[in-house]
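Student: Chain by chain, the residues run as shown.
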Amino acid sequence: MTVTASASEARSRPVQAWLAVWACALAAVLVVFLLQDSAPWAVNYPASAVVPVADWVSALMGWVKSNLSWLTRSITAVLGVPLDFALNLLAKNFKIGHGADTVVLPRLSWVGICAAAFLAGRAAGGWKLGVLVGGCFAYIALFGQWTSAMLTLALISIAVPFCIVTGLFAGIWAWRKPWVERLIVSPALDLMQTIPTFAYLIPMLLLFGNSPVSAMIATAIFATPPMVRATMLGLSRVPSEIDDFSEMAGCTARQKLWRVLLPSARPTLMVGVNQVIMLALNMVIIASMIGAGGLGYDVLLALRALKVGEAMEAGLAIVALAIALDRLSQAIAHNHAKGHVHREVSPSFWRRYPNLTLAIVILAVTTLLGLFVPAFAAVPKAITLTTAPLWKAAVSWVTINFFDTIEAFRVALILNVLNPVRAFCEGFPWLGAVFLLGLAGYQLGGFRLATLVAVLTAFCAVTGLWEKTMATVYLCGISAFIACLIGIPIGLMASRSDRFEKIVTPVIDTLQVLPSFCFIIPVVMLFRVGDVTAMIATVAFAVVPAIRYTNHGIRQVPPALIEAAKVSGCTKRQTFLRVQLPLALPEIMLGVNQTILMALAMIIICAMIGTRDLGQEVFIALSKADSGRGIVAGLAIAFIGIVADRLFNAWTAKARARLG
Amino acid sequence: MSEVTEQSLQAAGKDARPIKLACRNVWKLFGGNAANFIRQRDGKASMAEVAAAGLVGAVRAVDLEIRQGEIFIIMGLSGSGKSTLVRCMSRLVEPTHGKVEFEGKDLLKISDAALIELRRHRMGMVFQNFALLPHLNVLENIAFPLGIQGQDRPTREARAREVIELVGLNGREHFYPRELSGGQQQRVGIARSLATKPEIWFLDEPFSALDPLIRREMQDELMRLQTMLHKTIVFITHDFDEAIRLADRIVIMKDGEVIQTGTPEELVVNPATDYVAEFTRDVDRAKVISAKSLMRACDGAEHGGTVAPDAKIASFSADIVSAGKPFAVVNGTGKPIGEVTPQAVIDLLAGIERPGAAI
Numbered sequence: 027m028t029v030t031a032s033a034s035e036a037r038s039r040p041v042q043a044w045l046a047v048w049a050c051a052l053a054a055v056l057v058v059f060l061l062q063d064s065a066p067w068a069v070n071y072p073a074s075a076v077v078p079v080a081d082w083v084s085a086l087m088g089w090v091k092s093n094l095s096w097l098t099r100s101i102t103a104v105l106g107v108p109l110d111f112a113l114n115l116l117a118k119n120f121k122i123g124h125g126a127d128t129v130v131l132p133r134l135s136w137v138g139i140c141a142a143a144f145l146a147g148r149a150a151g152g153w154k155l156g157v158l159v160g161g162c163f164a165y166i167a168l169f170g171q172w173t174s175a176m177l178t179l180a181l182i183s184i185a186v187p188f189c190i191v192t193g194l195f196a197g198i199w200a201w202r203k204p205w206v207e208r209l210i211v212s213p214a215l216d217l218m219q220t221i222p223t224f225a226y227l228i229p230m231l232l233l234f235g236n237s238p239v240s241a242m243i244a245t246a247i248f249a250t251p252p253m254v255r256a257t258m259l260g261l262s263r264v265p266s267e268i269d270d271f272s273e274m275a276g277c278t279a280r281q282k283l284w285r286v287l288l289p290s291a292r293p294t295l296m297v298g299v300n301q302v303i304m305l306a307l308n309m310v311i312i313a314s315m316i317g318a319g320g321l322g323y324d325v326l327l328a329l330r331a332l333k334v335g336e337a338m339e340a341g342l343a344i345v346a347l348a349i350a351l352d353r354l355s356q357a358i359a360h361n362h363a364k365g366h367v368h369r370e371v372s373p374s375f376w377r378r379y380p381n382l383t384l385a386i387v388i389l390a391v392t393t394l395l396g397l398f399v400p401a402f403a404a405v406p407k408a409i410t411l412t413t414a415p416l417w418k419a420a421v422s423w424v425t426i427n428f429f430d431t432i433e434a435f436r437v438a439l440i441l442n443v444l445n446p447v448r449a450f451c452e453g454f455p456w457l458g459a460v461f462l463l464g465l466a467g468y469q470l471g472g473f474r475l476a477t478l479v480a481v482l483t484a485f486c487a488v489t490g491l492w493e494k495t496m497a498t499v500y501l502c503g504i505s506a507f508i509a510c511l512i513g514i515p516i517g518l519m520a521s522r523s524d525r526f527e528k529i530v531t532p533v534i535d536t537l538q539v540l541p542s543f544c545f546i547i548p549v550v551m552l553f554r555v556g557d558v559t560a561m562i563a564t565v566a567f568a569v570v571p572a573i574r575y576t577n578h579g580i581r582q583v584p585p586a587l588i589e590a591a592k593v594s595g596c597t598k599r600q601t602f603l604r605v606q607l608p609l610a611l612p613e614i615m616l617g618v619n620q621t622i623l624m625a626l627a628m629i630i631i632c633a634m635i636g637t638r639d640l641g642q643e644v645f646i647a648l649s650k651a652d653s654g655r656g657i658v659a660g661l662a663i664a665f666i667g668i669v670a671d672r673l674f675n676a677w678t679a680k681a682r683a684r685l686g
Numbered sequence: 082m083s084e085v086t087e088q089s090l091q092a093a094g095k096d097a098r099p100i101k102l103a104c105r106n107v108w109k110l111f112g113g114n115a116a117n118f119i120r121q122r123d124g125k126a127s128m129a130e131v132a133a134a135g136l137v138g139a140v141r142a143v144d145l146e147i148r149q150g151e152i153f154i155i156m157g158l159s160g161s162g163k164s165t166l167v168r169c170m171s172r173l174v175e176p177t178h179g180k181v182e183f184e185g186k187d188l189l190k191i192s193d194a195a196l197i198e199l200r201r202h203r204m205g206m207v208f209q210n211f212a213l214l215p216h217l218n219v220l221e222n223i224a225f226p227l228g229i230q231g232q233d234r235p236t237r238e239a240r241a242r243e244v245i246e247l248v249g250l251n252g253r254e255h256f257y258p259r260e261l262s263g264g265q266q267q268r269v270g271i272a273r274s275l276a277t278k279p280e281i282w283f284l285d286e287p288f289s290a291l292d293p294l295i296r297r298e299m300q301d302e303l304m305r306l307q308t309m310l311h312k313t314i315v316f317i318t319h320d321f322d323e324a325i326r327l328a329d330r331i332v333i334m335k336d337g338e339v340i341q342t343g344t345p346e347e348l349v350v351n352p353a354t355d356y357v358a359e360f361t362r363d364v365d366r367a368k369v370i371s372a373k374s375l376m377r378a379c380d381g382a383e384h385g386g387t388v389a390p391d392a393k394i395a396s397f398s399a400d401i402v403s404a405g406k407p408f409a410v411v412n413g414t415g416k417p418i419g420e421v422t423p424q425a426v427i428d429l430l431a432g433i434e435r436p437g438a439a440i
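Sequence lines, in order, name chains A and B. For the record, in the first sequence the residue sitting at position 352 is 378 according to this note's numbering, with numbers rising by one throughout. For the record, in the second sequence the residue sitting at position 109 is 190 according to this note's numbering, with numbers rising by one throughout.
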């Protein structure tokens, strides 16, 4: 008792001390800012001292390109084989031979694929899911996006197994050897997930050219981390008794892993697979910039030509594909988590896998029919619908009738909010930022965190990207702030009303599966290009974790504590403010952390619609295939994310420790 | 008289059955440099010394001998080190110091391959939370250890069906673990551990996760199996009543140390410490104490009947009280070696301790 008392005393005193420290630090930064005429180097990083990291990276990549081209070419050739097969099977038809002798084997019939999708949905989650999944595919067909969607699906279907296998082995390795996890896998995963999607494209473009193969490799790299994490988590969560059992049964190390641990971890692994599929879809859309083709390319083309109707149509097809894939893989994961149910075991394949057999038969029959009846081979023009004119008309109508309102809103936002914050951020002394963030790191996580944070921040300045970094921070900060402002109250409301939660949950579930691209399209329609559009799209994209974590955080407060509060006479309001909110705070902060990271990822993609920040830097580098410039800017973005993430995590960990 | 000597010898641990498994000064310490700490002290250290060195003593200086065919129960509360001790015996946990002898051979010195062989064919284990593989059905779960050994499917499934029969799970072969009740799941766990025909059978709190009625049923089931199979059983429990019901011998552990080893009757009659006495206080003594513990020398009175020295008081208490006369305690040859009076039985049932009584 005395120990805790003295400890809490010791803890309460430094709070006062920290306040003083922070006051001094802020004053010092202010002094630096005011004295910028005598010490300009402390505010704006001097151009003469910029370390040419970008040039070094470019030189390295150039060397790799010229000396290892035999390797990259053979990789392209090897990966091209399954990829071409999938592309031909789903989208392009097989062409054997040349010229007049060409024999064309047809791709799978769209009717067959829709039926197979329905059957898969029914097998995994009953009639409702079957109708949903089949309906999504039928929607894609009827709205004339079939070939593009199948190109996208073909890329995913090759990238995902690759991710799963790689992720599984990396996860096993990291799980077996703690040092591998600490020194290699963990940092690599952090970097892989915080580097913006665009930045992946540049080296791939350089090494593998503008082709589906480089898009596939970029996708595979981007989508692997969740599988690694799921593998490590799944293996470490296997009950120790099962581990003991495998030892007592006399398993060798290999038998233990493959026959006991991995099968027992299957529910967690399946959650990882679901995440891999969704990330792969997201990345394949973005990778259309380096030759993936498919739906993403349609959106890109339409956006560049400002054809909002077409962009919207392709975007909705992406949404349909995303929802179909997500619900299907989630249902399968859910079935695994629930566990197995016994069934009559029957020796014949047909009886054991009725749905699979039926799907194969339907695919074969419809594809063969396609040879004779064109309507089975390609979606007939007569039955396709287009909504593009509708969207266009809607936008025109809104523009004509509400132009003044929207414009006034836009201008007011720019003048009163965005510009002042931007000016503040861009004028902030780089040395001051390094110093203040380092101080925060020291307070929250000690010397190591302080060093990490300061070094990563300094990197952004030293590479000459300070201004663009701050432009990114400003837009990301505002967007994340607004997202929290909207998301946390919604989360709080959802936590207090089951009915409201029932409405919110499907909405945020759907928002979460949409590829980031899709958020831009409707906003561009209304607000045209620029910072406001980027901000609104980012808020819509990043609001999900703020809602989800807040709701979950409040709901996970143990009922016993709430009962205790009620018994001691708390009103509903007091219970909420004094018990639920403080206990949920760490979880809510985790949500804020996620919101910031998602906002950062989205802001970068918004470079497509004309923001002037690090994203633009990457985007320019991509169009010029300037790997050094793109990678350094990509690292700067990743470092912003890592700094924010580490500081928030340290803070949350401290709060958790205090709550016990 | 020679009978009596033999009995007292047996009671003192001089059992004729061979020693199957023995622990010789086994230690398991957690903390940095634990191995050096105990080696430097030559396998001797007090609890205070262990604590002073910043180590946690999960198992300390344990000496045990488990004989072939007996049910040996390790009893202790949570944190007493009983689970760690049984894991030291099977080397799931590597002891820090000491020897574990399996049929006289030091288990800690054998190779990994030999250990795997030993576990595959001669050891079986049942777990508190069943540890069934969720992705396999009952038949596959039970056949799993055989598959690990490389047996082909028909052979292992035939054997699995035998043990399914044995534990009474017929008709459930194709059910998955989550479709079974707790009791049924533990039957699967038991069947699985028996499928390999092990010689020594570790049961780690096998019935603790079950509710009381099922627990009792499973205890009876275990006794039934043991009368058929005669395994050497090491059974862990925190439930003293369960220990009393099942045990040939019990060892009581506290803070990683052995407090007392003995038959249930010895523990009840002669608790070594207050800690043991605390456990035995609420035990139904009539079911534990046998006639020979309660008998006195015959004083020539007329006898109302005869009982064997090992007969529990509960088995004849109603008869002796209604007869109202002492019963003669007779050995195997029918010779009386003493007598039990109705008064002594009544005193025992009523919990009255009289000076001069046999206990």
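One thing to keep in mind: the hints can contain errors.
Claimed, not checked - Derived BS3-like pairs: lysine-lysine, alpha-carbon spacing no greater than 27 angstroms straight-line: (1) B:K190 <-> A:K203; (2) B:K368 <-> B:K335; (3) B:K278 <-> B:K393; (4) A:K282 <-> B:K190.
Unchecked claim - Which chain A residues face chain B? A few, computed with CB under 10 angstroms, are given here: (5) R263; (6) P265; (7) I268; (8) R292.
Said to hold, decoys possible - Here are some of the chain A residues that sit facing chain B, going by a computed Cβ distance under 8 angstroms: (9) F271; (10) G276; (11) C277; (12) P289; (13) S290; (14) V367; (15) S523; (16) D524; (17) E527; (18) T531; (19) P532; (20) I534; (21) D535; (22) L537.
Hints were generated in silico from the structure; no laboratory data involved. Glycine included, each C-beta is placed from N, C-alpha and C at the ideal position.
Student: Determine for every hint whether it applies to the structure shown.
Tutor: Here's how the hints hold up against the structure:
1. B:K190 <-> A:K203: holds (26 angstroms)
2. B:K368 <-> B:K335: holds (25 angstroms)
3. B:K278 <-> B:K393: violated (33 angstroms)
4. A:K282 <-> B:K190: Holds, at roughly 23 angstroms.
5. R263: With Cβ-Cβ at 12 angstroms, over 10 angstroms, it is violated.
6. P265: Hint holds; P265 of chain A Cβ to chain B Cβ min 7 angstroms, cut 10 angstroms.
7. I268: It holds, given that the least Cβ distance between I268 of chain A and chain B is near 5 angstroms, below 10 angstroms.
8. R292: Hint holds; R292 of chain A Cβ to chain B Cβ min 6 angstroms, cut 10 angstroms.
9. F271: holds (4 angstroms)
10. G276: holds (3 angstroms)
11. C277: For C277 of chain A, the interface hint holds, since the closest Cβ of chain B sits about 5 angstroms away, which is under 8 angstroms.
12. P289: holds (4 angstroms)
13. S290: For S290 of chain A, the interface hint holds, since the closest Cβ of chain B sits about 6 angstroms away, which is under 8 angstroms.
14. V367: holds (6 angstroms)
15. S523: Cβ of S523 of chain A sits 33 angstroms from chain B, so the hint is violated.
16. D524: violated (28 angstroms)
17. E527: With Cβ-Cβ at 28 angstroms, over 8 angstroms, it is violated.
18. T531: With a minimum Cβ separation of about 26 angstroms from chain B (threshold 8 angstroms), the hint on T531 of chain A is violated.
19. P532: The hint is violated - P532 of chain A has no Cβ within 8 angstroms of chain B, the shortest such distance being about 28 angstroms.
20. I534: With Cβ-Cβ at 30 angstroms, over 8 angstroms, it is violated.
21. D535: Since the shortest Cβ distance to chain B is 26 angstroms, the answer is violated.
22. L537: With a closest approach of 33 angstroms, the L537 of chain A hint is violated.
Violation of the numbered hints given earlier is confined to hints 3, 5, 15, 16, 17, 18, 19, 20, 21 and 22; the remaining hints are satisfied by the structure.
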